[in-house]
Every structure is written in C-alpha cells, then in structure tokens.
Amino acid sequence: MLELLEGSKAVARAVALTRPDVVCAYPISPQTHIVEALSVMVRDGHLKDCDYINVESEFAAMSVSIGASAAGGRVYTATASQGLLYMAEAIYNASGLKLPIVMTVANRALGAPINIWNDQSDSLSQRDSGWLQLFAVDNQEAIDLHVIAYKIAEQISLPVMVCMDGFVLTHASDVVELPTQEQVDAFLPPLAPLEKLSLKNPRSMGMMAGPDVFTETKYLAHQAMIQAHTVIARAAADFAAAVGRESWRPVRVWGPDLEDRPARQGEIAVIGMGSVMGTTQAAAARLWEQGVKTRLITLGSYRPFPARTVREAIGTADRVVVLDRALMLGVGGVLSADVRRSMARLGIPMHSVVAGLGGRSITERSLAKTLRQAKVGELGELEFMDLKQDLVTMSDAAVPVRAPARGAARPGAAAAPAGAPGAEGPDDAAASAPGAPAAAADDAMPTKPAQTGGPALTASAGSLGTATADEKATSADGAAPAAGDRAAPTASDRREG
Amino acid sequence: MAKVHIPFMQTGALAVGGRLLDEDERSVQAWQDRPSTLTRGHRACQGCAEALAARWVLDTAMEVTGGKLMVANATGCLEVFSTLYPESAWRVPWIHSLFANAASVATGIAATNHAKGRDDIRVIAQGGDGGTADIGMACLSGMFERNDDVLYVCYDNQAYMNTGVQRSGATPPAARTSTTPAVGLSPGNTFGQGKFVPKIAMAHEIPYVATATVADLRDLEAKVRTAMKHRGARYLHILVTCPLGWGTKTAASIKMARLATQCGLFPVFEAEYGDITGVTPIRSRVPVEDYLRPQRRFAHLFGPRGDEAALERIRGQAERNIRQYHLLEEGVLA
Ligand SMILES: Cc1ncc(C[n+]2csc(CCOP(=O)(O)OP(=O)(O)O)c2C)c(N)n1
Ligand code: SF4
Ligand SMILES: [Mg+2]
Numbered sequence: 001m002l003e004l005l006e007g008s009k010a011v012a013r014a015v016a017l018t019r020p021d022v023v024c025a026y027p028i029s030p031q032t033h034i035v036e037a038l039s040v041m042v043r044d045g046h047l048k049d050c051d052y053i054n055v056e057s058e059f060a061a062m063s064v065s066i067g068a069s070a071a072g073g074r075v076y077t078a079t080a081s082q083g084l085l086y087m088a089e090a091i092y093n094a095s096g097l098k099l100p101i102v103m104t105v106a107n108r109a110l111g112a113p114i115n116i117w118n119d120q121s122d123s124l125s126q127r128d129s130g131w132l133q134l135f136a137v138d139n140q141e142a143i144d145l146h147v148i149a150y151k152i153a154e155q156i157s158l159p160v161m162v163c164m165d166g167f168v169l170t171h172a173s174d175v176v177e178l179p180t181q182e183q184v185d186a187f188l189p190p191l192a193p194l195e196k197l198s199l200k201n202p203r204s205m206g207m208m209a210g211p212d213v214f215t216e217t218k219y220l221a222h223q224a225m226i227q228a229h230t231v232i233a234r235a236a237a238d239f240a241a242a243v244g245r246e247s248w249r250p251v252r253v254w255g256p257d258l259e260d261r262p263a264r265q266g267e268i269a270v271i272g273m274g275s276v277m278g279t280t281q282a283a284a285a286r287l288w289e290q291g292v293k294t295r296l297i298t299l300g301s302y303r304p305f306p307a308r309t310v311r312e313a314i315g316t317a318d319r320v321v322v323l324d325r326a327l328m329l330g331v332g333g334v335l336s337a338d339v340r341r342s343m344a345r346l347g348i349p350m351h352s353v354v355a356g357l358g359g360r361s362i363t364e365r366s367l368a369k370t371l372r373q374a375k376v377g378e379l380g381e382l383e384f385m386d387l388k389q390d391l392v393t394m395s396d397a398a399v400p401v402r403a404p405a406r407g408a409a410r411p412g413a414a415a416a417p418a419g420a421p422g423a424e425g426p427d428d429a430a431a432s433a434p435g436a437p438a439a440a441a442d443d444a445m446p447t448k449p450a451q452t453g454g455p456a457l458t459a460s461a462g463s464l465g466t467a468t469a470d471e472k473a474t475s476a477d478g479a480a481p482a483a484g485d486r487a488a489p490t491a492s493d494r495r496e497g
Numbered sequence: 498m499a500k501v502h503i504p505f506m507q508t509g510a511l512a513v514g515g516r517l518l519d520e521d522e523r524s525v526q527a528w529q530d531r532p533s534t535l536t537r538g539h540r541a542c543q544g545c546a547e548a549l550a551a552r553w554v555l556d557t558a559m560e561v562t563g564g565k566l567m568v569a570n571a572t573g574c575l576e577v578f579s580t581l582y583p584e585s586a587w588r589v590p591w592i593h594s595l596f597a598n599a600a601s602v603a604t605g606i607a608a609t610n611h612a613k614g615r616d617d618i619r620v621i622a623q624g625g626d627g628g629t630a631d632i633g634m635a636c637l638s639g640m641f642e643r644n645d646d647v648l649y650v651c652y653d654n655q656a657y658m659n660t661g662v663q664r665s666g667a668t669p670p671a672a673r674t675s676t677t678p679a680v681g682l683s684p685g686n687t688f689g690q691g692k693f694v695p696k697i698a699m700a701h702e703i704p705y706v707a708t709a710t711v712a713d714l715r716d717l718e719a720k721v722r723t724a725m726k727h728r729g730a731r732y733l734h735i736l737v738t739c740p741l742g743w744g745t746k747t748a749a750s751i752k753m754a755r756l757a758t759q760c761g762l763f764p765v766f767e768a769e770y771g772d773i774t775g776v777t778p779i780r781s782r783v784p785v786e787d788y789l790r791p792q793r794r795f796a797h798l799f800g801p802r803g804d805e806a807a808l809e810r811i812r813g814q815a816e817r818n819i820r821q822y823h824l825l826e827e828g829v830l831a
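Residue numbers (the numbering used here), protein chains in the order written: chain A, 1 to 497; chain B, 498 to 831.
The following block holds chain A by itself, in its conformation from the complex (with noise of 0.2 Å):
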C-alpha cells in the first residue's frame, strides 16, 4: 500500500516491522523524529515485547544497546553528528564484540562550527569502525534498507549503521510502500546470534588480547568485511523478492540512456551516496541531449566498500567525478580517497567535488556547471562546489582559488600553478593522475583574499568570531561587520582594564 508518510515515521515503522526487543536512543537532530515515533508505538501497544529506553547520553545509548544485544536481543538505536562522535568509544567496541545492532544514522556535518544540516562527515567520520555502512538515496531505500540491514548484521555478526541524509530524507514525505509484517517476518527470522550471555553456556566476551593474537583477531575482521559483500547482495535481492518490487541495491550503474552497462569512453563517470544522486540523475538526465554524457554509479554501501564492482563500473569512461560530502581536512574528498584506491590502475583522470556541507543546497544547477566543466577538462582535481569566493580570507602563500589555468588532474591540460585544487604531493599527483604537473610539496589548501564590505571568516573557522546582534543592529546598512572585528567596546572590554 502506498503512503504518504515522513521519512523518519516510515523509517520507525519498518524498524517496528522487524520486532526489535531494546530501543534506546538519545536525541539528537535530525534523528529525534525517528525515535520519538518509536517511542509512541511502545506507548501505544504497536510494537510490543520492546522495552525503550530514554538514555541519558548517547554514549549510554550505545552501551545499553552494547549490552542488550549481548544479551541475544534485537536492538535499534540512532543518532547523527556530535551524538555519533560521543558514542565513538562504544561504536568500535561493539563491533569488535561482534554485535549485530542497527543503528541510524541521520547524517548531519561535524562542528565545530556547531551545524544541524546535512552532509556525511560524521558517519564517515566513523568508517574505520568496523560497522558497516549502508547508504539510502531517498526514503523507500531508507525503509527497505532497515530491513535488509537486520538480515545482514544478523547473518555475518556485525553492527550496521544505516545512513540516510538528515533533513533532506528524515524530515521529507514522499510516497512509499512499507513491507507487509508477513513479509518481514518471512525474511528476517528470529535472531539467533552467534554469541550471547547464556546461563547454560557462560562463556566471556570482550577479553582482552595480547600481541599473539591480536593482529589474528583484526585479520578475521578484515575478512568478515569481505565476505560481507556477498551476504549483502543476497539479502538485497532476497529482499527484493520478498516484496517483489525494486529496492535498495550496494550499487546501482545508471544512465540517461537506460542501458544497463558499465561508462565507456565519451562518458563521465559520477560517483556519489545518498539523496545527492536523486538531483544528480535530473542533472544528467537534461545534460545527455546537451552531449554531456554521464554515468552515475550509486553507492548503496559504503562500508565495505565495493571497490571492484565501482571499477567495473567506470569502465573506460573519460573521467571520473566523486561527489563528495565529506572532507578530509588538507587531502580531499573522503569518499574520493575509496574510490582513488578503487580505480588506481585505471589511468583515469579523477575529480573530487566536495559538495553540500552543512547543508548548503546541491543544486541541479551547480551539478550541471560541474559536469560540464568536466566534460570540457576544465574541472580541478579538488573543487569546492558554489565556495563563496568572497567569505574566504587570504593567507600569505596562498594562490587564487580559481586558477587561470584549470585542470591540473587533465593529462595534457595547461599545467596548473602549484598549491592549485586537488594539487597533491607528487606521488599521488602521479599515480592518479598521469601527465599532471608535480605539485608543490606543501599543498595546503589555497584560499583566496577577502573581498572587503563582506562578512569574512577567519581561518579558524571553530571559533567564529563575531559582532554582537546589537552591534549589527546598529550598522545601518545591515551590513554584518567583519568575523572578529570589534565594531565597539563591549561591556567586558570597559572592565577588564
């Protein structure tokens, strides 16, 4: 039955679907919706046998949800940004115990500075967790992906984060279809973990382990990941089935053309996760019959991360485009870095565009401007997407943003002055990117001067420095003064002499 429904009531109700035992959560935005949505069905009578459990931290939230999956229980937790962070300790620790938890993650930037809105710095902040990471691009992927995780975490013994952009999903209705209880009952049956607290076999878990057979245990765990690929894919097309219709897939190829193939050459190869890849298609979609071919490969799971069937995918399209909405400060693009290693031995030019943080709008637009850009060998190596040229401030070494020779990453294009975009150090430059120039060593990432009039950010950005509302109050263009800029003497300045 189709529903209008908001993303996260439809995300509680196929969580409810899989008769979870412990609910715990802590709220955060954007997550709270999704759990207090749970907690009126526990309320209520709608989901019964469950207790839910208001915690006081989310590091609490994970612990309790540490214990009550030890215990045998099926257990649902979510959170987002700083709750993710605060619980980092106990993320990693539930993984190594092995334990089959499913948690939401309604992805939201990392402060400071302090930002409710969208991006996916923090649950791939947490990429190295050993929790696997699956990604929705709109809310039926979020509700069938819910499902899915349950079967998977609970097959191979790990915890799974299922990823789904905050606001932009959780707080969106759109049109859906729950599963059936008969459906989900037939799919995912009762949990029966690998290990647990059992009185009638006490055994210990989390012991401690020495050099003899630590690198062993980080070895297994390695390959569990691995094998993980495989028991994804089952319980995606298993899944499918059960509801017969489309549903979440670890990777989906797609083209304007509709064919079913790998890029080719001509093309470009666009990468990227979540809701991004929703605008994306309508992008490339009017771009096709411009002459700007494209390709887009969504990635449905990050962790593990499908490296060969993205090679595959690429193919031998011209270039590759990463859609990145995560950064890692100094280098690049997070997702760019997986996909980089993906495609190492490819010889294919790649371009990291860093888009959306903090929830600034990707817009069709600025997607078209990237891909066209691309198309014509005119797209940097690292590309900050709409960067407001104007609120950047200068530093002494820094070069232009926009460098009047782009395309640094182009074999063959005009070489780039050092420290450009995506200039990187000169083994990276040569091994991604053949015939680019060798950057210069110290790469930093260029900034460009400060217009002045506007408002500008120091270069700290985690601690804004900023006039008082009533010193803006007072400006009488409106105008907001500098960042750090003492328009008059505050109180304080009067008195600490």
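A couple of the hints might just be wrong.
A short list of chain B residues far from chain A (calculated; beta carbon distances all over 10 Å) [claimed, not checked]:
#	residue
1	518
2	523
3	661
4	664
5	693
6	700
7	818
A few chain A residues that face chain B, going by a derived Cβ cut-off under 8 Å, partial list only [what the hints assert, rightly or not]:
#	residue
8	27
9	28
10	32
11	36
12	39
13	40
14	43
15	82
16	113
17	117
18	309
19	312
20	376
21	377
22	378
Bear in mind the hints are in silico, worked out from the structure with no lab data behind them. Virtual Cβ for every residue (Gly too), placed ideally from N, Cα, C.
Since the structure of chain A is provided, determine the placement of chain B with the ligands on it from the hints.
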C-alpha cells in the same frame, strides 16, 4: 558603575513589594548602563525564562566581578538562540564547545587564568537541565569533586527543549514530552525516575549550592552575589519556564515559576558545604493543580479522562518537599 536613575523600570528591579528601594539596594537591572551581558537581537521564544534568567545571572556576575568574567556554555537553547553566525548576543567572553563538557571547559579556563596569575577573572559555566543532569553529569561531578573555581549555572526547563522537547533526567513525572508521549497505560514521564541535581551537588560538599526561579529575580541576584563571594565549585539551579515545552502562555512565565514554588514542587533554598543554610518559605500555598492545569504538558491529568492517581502522587511529592525543606515554617532552617 555610574548609577543613572530610570523612572519606569520593572518593579522587580527598583522595588520590593510596594517599597521603592534605596539606590544601593536596587537590582543591577535598574541601571541604564547595566552590562546587558545577553543583549537584544537573540532568537529565544517569546516568554523564554531561560533568556531572562541568563541575563540576570550574568549581569549580576559582571557587576560583582567588575566585568572580569568568562563564560563556557553547553549546547542547548541558550547557545543556539544567542549565537547563529554572524550574530552573537553576548557581551562577555563566551565559548561554546560541546553539549557534555561545559563544566570541564570552564575548569580549563580557570586553570589558565590561575596559571597566568589572573585569579581575578572569574568563570561561569552554564547549560540546560539535559546538559547538566544527563550528558554533562560526569564532567560536572569531576569539576565539583576537584572543587574547581567555577560557578555552574543550570537553567532547568525540565526537558531537552532545543531538540524539540524530549525527556531529560529533570523532567517531572507525568509530564508529556516527545519521548514520553501522553499515551498508553501511564501517560507522560514515568514516576520514580529523574534526579534533582542540587542534591547531587550537595553530596559533593562544595562551598555553595542554591536553587532559584525566575519568579523571584531579586533572590536570584542575591544568590549569584553569594556564589561569587565563594571560591571553589559552586552550583546554581534555576527553574526556568519554557512556554514552548510546557505549553504555557508566553505572558505566564513568571507566574508559572511562582506557582511551582508556592505549590511545593520546586523548593528554593541555599546550602553551604553540603548543609542547607537557608530556605525560602512558601508565602501562600496553592494546590499543585493550580500549577499543573495551565500547562499543556500535564493536560492529560485533567478533564473527564483525567488521572487522579497521578495527581495524588504529585501532591505527595509536594508534601514531601514541604516536609523535607520545611517550606511552610517561616524562618526555620533545616
Ligand atoms: C553529543 C550530543 N548529543 C546530542 C546533541 C543534541 N542536542 C543539542 S541541544 C540538546 C538538548 C538540550 O537540552 P537542555 O540541556 O535541557 O537545554 P535546553 O535546550 O532545554 O535549554 C540536544 C539533545 C548534541 N548537540 N550533542
Ligand atoms: S524552546 Fe523554551 S527554552 Fe528554548 S528558546 Fe523557546 S522558550 Fe526558551
Ligand atoms: Mg532543558
């Protein structure tokens, strides 16, 4: 500070009862050049008592310290409504770090000031009830236990308001929140849960612990002054009405806080080194219903499908407070 007489200020600043105060006795809010630590232009809801209390606390502290004050703020409404870049409503050196760590950040500020021989600069940490009672409890207890030279102020609006009114460890029983909905067998927040942080603070035997409300701002001001006279760890717990989370009229914020004290549900007292040293007695007692009925978060307790049993338990709580803190005995200390 130059004292400028202002003819039409709120009576709370200029007068007590019907008596106009001498200039020396008047509230810091009565002076035209009051510090306005939290100045206009912020985005708090109309009737937000957290904003009101914060200004009174910090303006008083600014006056007491001669402007030598630094503030660490936990995540929460107070932080969010006051500082969306590029605007800040603060006129005091102010830092927001995280939700859980305001007490520790404040300890760090005090440590640097101390190391640099600037013990004249005083430090206040502040946060909501969630940031205090729940996620920030470990850092707070550490600060208390080491007796660091910090005044911690908790603005208790009894839920996680900033994220949309979820239950906290300071949410009263039966209150409806978005994670304790008014459905099911025992609607609203569960009885027998929750904690009263002032008592936890007292258990650390720190120099000064006090409670206050926005209904008695002169008392609040006096308590900030007392707190600033002490060195070491101090704790001030202020009940602040939140019209949004409580479902009350924006004009009723002061009244609601007063009813909370006059029905016995919120005891107002001071304690030094773990012992209660002063209690504000109930002036004219009201039934708990007078306090609960105007709040939508308690609406399910009333009407034809009301919950008399829950009301009885809440009455019991008020009775217990009155007994425990001697709230009806004028001039009596516990
Ligand atoms: C580690 C972490 N978890 C959760 C949050 C989300 N969060 C921000 S403010 C807030 C609630 C604040 O409640 P309280 O401390 O009572 O302050 P109030 O807004 O009610 O004044 C929450 C849950 C966060 N910022 N960081
Ligand atoms: S939600 Fe409540 S605490 Fe937050 S600004 Fe509004 S009134 Fe104040
Ligand atoms: Mg609160």
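Hints numbered earlier in the text: which of these fail when held up against the supplied structure?
3, 4, 17, 18, 19, 20, 21, 22
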